[in-house]
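Novice: Sequence:
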Amino acid sequence: MLFILIFVFSALGIFGENPDPECVDVVTRGYQVAAFFGGFPMKAEFKGVPIDLLTLHNQRVEANNGTFNNQSSRLILGYSDEVIVLPYFIGEIVAAGGKSHFLPRETGRVQLNSWIRSDRDLDMSSEETSANFGKLDPTLPSSRTPSSPATRCTT
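Numbered according to mature numbering (1 follows the signal peptide of the UniProt record, and there is no 0), the sequence shown spans residues -16 to -1, 1 to 139.
Keep in mind the hints are simulated off the structure, nothing from the lab. Don't take every hint at face value.
In silico DSBU-like cross-links for lysine-lysine, where the CA-CA straight-line distance does not exceed 35 Å [stated by the list, open to error]:
no. : residue 1 : residue 2
1   : 119       : 83
2   : 119       : 27
3   : 119       : 31
Sequences and hints are given; from them, build the entire structure.
Specialist: This is the structure we're talking about:
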């Protein structure tokens, strides 16, 4: 009985609030979700429930005195805990009437012109390397294998 209680309390600590039953395997492995938008790298431990990246972003902007950056990125996990960052711009910041205004980009594909080597802590201290990767639509998810647990887990 004691073993069952320890297991239940441990599971509650790991899983957080009501994880999706199909996500239990992913949750127990301790995966993290990472994003890079508005010039800020963000990551959070995946607990089987939706992660509010907008709240994380707003907290980060507030901590940086409201600084906004019009850059976002695709993150690709590499070998040996490397993360490859493919940055692109989500719009333009233009000066008009003595103020700066953000003009969001039109929908469609964006040009990927460079990459940055990073690590799991999203430390972007390496040099940005120029490359022509072509265009991608940032509103579409990356292709994933339908049988992978992460695909079933994220809806």
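Novice: Hint by hint, note whether the structure agrees.
Specialist: Going down the list of hints, with the structure as the test:
1. 119 - 83: holds, 31 Å
2. 119 - 27: Since the Cα atoms of residue 119 and residue 27 sit roughly 25 Å apart, the hinted pair holds (cutoff 35 Å).
3. 119 - 31: Judged against 35 Å, a Cα distance of about 32 Å means the pair holds.
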